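A.B. asks: Single-letter residue listing:
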Amino acid sequence: MSASKAEHANHVLPLRLYLAVGAVLIVLTFVTVAISFIHFGGWNLVVALLIASVKATLVALFFMHLKYDSKLYLIVFLGAILFLAIFIVFTMFDTMERDQIYQIEAKPIRENAAMYDDSSRGMHSVPHDSIQPDSSQ
Amino acid sequence: MSSTDSALDLSFLRHPKGLKSWLLTLDHKRIGVLYLVGITTAAFLGGFFAMLIRLELFRPGPDIMGPDTYNQMFTLHGAIMIFLFIIPGIPAALGNFVLPLMLGAKDVAFPRLNLASWYIYVIGACFALYSLISGAADTGWTFYTPYSTQTNTSVISMTLGAFILGFSSIFTGINFIVTIHRLRAPGQTWFKLPLFVWGLYATAIIQVLATPVLGITLALLMLERLFGIGIFDPAMGGDPVLFQHFFWFYSHPAVYIMILPGMGIISELISVFSHKKIFGYKAIAYSSLGIALVSFLVWGHHMFTSGQSEIAAMIFSFLTFLVGIPSGIKVFNWVMTMYKGSISLDTPMLYALSFLVLFTIGGLTGIFLGALSVDIHLHDTYFVVAHFHYVMMGGTVMAFIAGLHYWWPKMFGRKYSVFWSKLACALIFIGFNATFFVQFILGTRGMPGRYFDYRDQFQQLHAFSTVGSWILGLGFIVMLAYLIHSLYRGKRSGPNPWGALTLEWTTPSPPPPYNFAETPKIIHGPYDYDKIDVQRD
Amino acid sequence: MSESHTDNTHLAHHFSDAGQQRESAKLGMWLFLLTEILLFGGLFVAYSIYRTWNPDMFHNAHLFLDVKLGTLNTIVLISSSLTVALAIRSLQLNDKKNAARLLTITIVLALVFLVVKYFEYSHKIHLGQLPGKYYTFQGVEGTNPHVFFSIYFMMTGLHGLHVIGGIGYLSWMLRNTIKGKYSSDYYTPVEMGGLYWHLVDLIWIFLFPLFYLIG
Amino acid sequence: MDTTGTIFMPPGQSTISGEVDSLFYFILYMSIFFFVLIVAATAFFIYRYRRREGAAEMTSGVSHNTALEVAWTVIPLILILIIFGWGFKSYMKMHIVPKDAIEVKVTGQKWFWSFDYAEGATSVNELVVPVDKPIKLLLSSRDVIHSFFVPSFRIKMDVLPNRYTITWFEAKNVGVYDLYCAEYCGRSHSEMIGTVKVVSDRDFAEWLDAGSGSGEGSTPIEFGEQLYKSKACYTCHSTDGMPKIGPSFKAIFGHETEMADGKKIVVDENYVRESILEPQAKVVKGFQPIMPTYQGLLKDKQIDALIAYIKSLK
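Protein chains in written order, with the numbering used here: chain A, 1 to 137; chain B, 1001 to 1537; chain C, 2001 to 2215; chain D, 3001 to 3314.
The set of hints was computed from the structure by calculation and includes no laboratory data. Quantities reported herein were computed from a predicted structural model and do not represent experimental measurements. Any given hint could turn out to be false.
One side of the interface only, derived from the structure: several residues of chain D facing chain A at Cβ under 8 Å [claimed, not checked]:
id, residue
1, Ser3022
2, Tyr3025
3, Lys3093
4, His3095
5, Ile3096
6, Asn3162
7, Ile3166
Glycine included, each C-beta is placed from N, C-alpha and C at the ideal position.
Looking at chain A on its own, in the form it has when it is part of the complex (with noise of 0.2 Å):
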């Protein structure tokens, strides 16, 4: 698997290419925040995600080679994205998915941990009928 020393001579690129991608990751960093100070809803997390994988992009395929190296570590870093992205949404496959039979389910007793309350930590009891459950299926 000895690779020859041609092979991996040094690969320089060009100084103009490097502070171009600075120049930007600062444009995109701007860009980002003027777009947080406008308001559309579930999008605005959207639009945020999609610039920081941009900038993360251009980081990776430029500050870190991935674009001239072997394609190897470019399956590494792919792998190590895809396994955290199964993290995320297997775990939320559960986490909000729990209403599907009973709204009841999904949502803790008391929304606030007990550190909020001016009375005590103690236990909590919940008058039996003041808690219906939704059993709408």
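Please arrange chains B, C and D on chain A, whose structure you already have, making use of the hints.
C.D. replies: Positioned in the frame of chain A, the structure of chains B, C and D alone reads:
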């Protein structure tokens, strides 16, 4: 005899000499032996706790300990066996020793990192065992919140230990992946790799991908105890089921960290002792990778009764069944490898066959637990305890012992007693089944796990299981005795006592410090028993 | 160690040539970065779950973070990422002096990042916007605002620890560069430090909008 | 052994148990088939192809058989999909409660179960339900995770702090069945055992009317002893002088006892009452402040009866 003794003097075992040369060694073979010492100590310690647990359960009511001690015992048994023995067991001890030899390399890619990971292992072990004197944790090895955030035992020392051990595991994983990618000898192409290497490769992928999540999970648990951060503790607004997602995202793939290298060993052994080309090489190799990747998608099957959403349960159950298929394929391939072979029942093969039987039972009982409605009944009962031990002990530990007996002559240059080793194998096989098979019945009849005391109707089965554990324990003591005996009095072994074709058997037994005088050239596959006339010597 | 390799002082005995050694180090580094991503990953999962459970509280709590300081730190970190990339480029061209200069700038920028972070932290500690049970602030509407600050402190804190680690490693690289240990023939350790530093930058690129810019 | 059960499963007593058991036995027989197949093939090959002296040193190179490999991939795949679908179907039945179900609120805490009925009745460690009626259980915990497990009904559901979970069953026969805590919850996890008492409709109505029992027709001491058992005091307090998780009740009444803060107190009616309602107020030296409050779980008359019972333990 003088010539063989000089062979020993030239081997990695005696060259260079002195304790310091061992503690500062960068030789993967010595680090493998250091790990072997560490994990063997851990295994016997964990086994000792297991014997005490079984003794306590011989009959209902408190006998030799109280409930608090009992709870600490099963926590220590679980944590020691998982984090200190089974996870590092095959990769770090046997894998470290064999991997570079199999590749035709002089060492692993990062020898210093390799030694560091052993020291990290020792430090982690110290933290985990420190909890022994500081009021051992009583949470079970799963550390479920909010019990683990409320109990006043030393949970932090135990979790910190497991956290540190995680780094050891990660470094071993990184080292192995790089070694396999970059240090193969000329001609050692991917499909000429021994299947044990494929097993280690798949294992290393899981180690690298999953272990960091264990790290952050345990860190969050410690922070929850210290600051009440409100992620896992419901009293602080957290969600205890989320902890279970975090924990099993690591710990389910972790059971494949434990079993995949074991499967690799069995693939080697069945082929070598059947003196026959392995059946379905690519199927076994790819199924290792397949298992490794799909193992990340099934963690929720530990949580069917936890209150997770029905949709999540459905998805996890479905994927769980899919991960069973590649394991089944492997078993069929091993059986078919024996077809038209020339089978000799040496001790390693006996252990490998024990694995085949016990792992099949372990795998099949997994189907019960993957089926949603049946799992509702069986979850958290002795059925799960039995299934887990069939896979982990009947599977991984048997494979580890099989591998240890297979490579023992290579590691130490000496042979162990044939009679005693076969006797120990019989004792372990019988004792294991006596201990754990009845636990399936206990479980289906409704005996919950982690019970200090139990109803009278379960007494006969519990007593039977305890008696079985004595036979099992005896088997292990016999094994320890003849192995230690062989180190001093065992007959010297030739370079290739089993007539195997993989590269480690082309070196002297034990190998010299840099493995190969010249970088070997690979001309045939690892299982070409149909082309090469290989003799035992 | 062995005689045959005396021609190359940096080649360890078990590698057959420098290319093999360099690519091994790189693969090892990338795998290490992968473990870093999944280590932070657990916190990203916690963030995602609690944000989707309590979107209003997250929005209200984020108003107490200073966007100006956050933007400043983003610019600082991106610049330091650029300078470390240029430092490696200088080593590729064998310009050791320039490399040392650029590494120095990188370290200074990293220190600036920490100083800004220090001011942000001390302001929050002063207000009682602390993680978990030490949270005493009263001004955030919504469910369990202490969880937001727990996650904020854990994620930026873990990131900050990585910045400190990076400063340590890059300072060592700077010392070796000044001593002339690296050249266009051998600069793998600096390259590894660069990869690590870019990852630290990359994680911040996500932390910034997720905490400071919740729309 | 039970006459209706088998070596594996205890007799099924709920409407869902038949379905669970048939899937269990389907998998069991399938597993036995494959196990025998694998072991028999292995044993046959070991015997048939044993190493013989003087045999040829090279063996057959057979390493593929596409038909065989497809067969042992596809057949298990089909079987497994059947099992998945079957298991999921009955799992959903366990999760969707019939509309007319009677609701009981179940609370798990260290280390006993309490049950609240809509009619106001409460009970501890004994769930009383009518036969042939669907029962909906609304589960929650006051401390750590517990798990509500009735093997005879094949149901199990984790009981979470600060969250409700739901399960249900319909018992087929009158009888008394074991109820276990299946999720590890600390010191007395294995004593967190209760019973499910399935009674006829009429008995159930009578039981509801009587509340959780008011001790009609028995002396206060007898009633107190009854409550000592039914409210699970025995889990932590013995009557024979042996300290368990809490101090023993034997011969404490009227005697001076040292508290954790060093003060000495004479155990009287007021102290016992306070200890039941506000257990953490004064804790006896050498014990941990872990007793849960019984505020709302015991009526005045019941507390009086318990005091009378403790008084009687000389």
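A.B. asks: Could you check if Tyr3025 (chain D) really has its C-beta closer than 8 Å to a C-beta on chain A?
C.D. replies: violated, 28 Å
A.B. asks: Taking the closest Cβ pair, is Ile3096 (chain D) under 8 Å from chain A?
C.D. replies: Status holds, d = 6 Å.
A.B. asks: Tell me if the interface restraint on Ile3166 (chain D) is satisfied: Cβ within less than 8 Å of some Cβ in chain A.
C.D. replies: holds, 6 Å
A.B. asks: Would the hint on Asn3162 (chain D) be counted as holding, given a Cβ-Cβ threshold of 8 Å to chain A?
C.D. replies: Since chain A brings a Cβ to about 5 Å from Asn3162 (chain D), closer than 8 Å, the hint holds.
A.B. asks: Grab the minimum C-beta distance from His3095 (chain D) to chain A and call the hint holds if it beats 8 Å, violated otherwise.
C.D. replies: holds, 6 Å
A.B. asks: Let me know if the C-beta of Lys3093 (chain D) comes in closer than 8 Å to any C-beta of chain A, holds or violated.
C.D. replies: Violated, about 12 Å.
A.B. asks: Hint Ser3022 (chain D) vs chain A: min CB-CB distance below 8 Å?
C.D. replies: Because about 24 Å separates Ser3022 (chain D) from the closest Cβ in chain A, which is outside the 8 Å limit, the hint is violated.
Going through the hint list in order, the structure does not satisfy hints 1, 2, 3.
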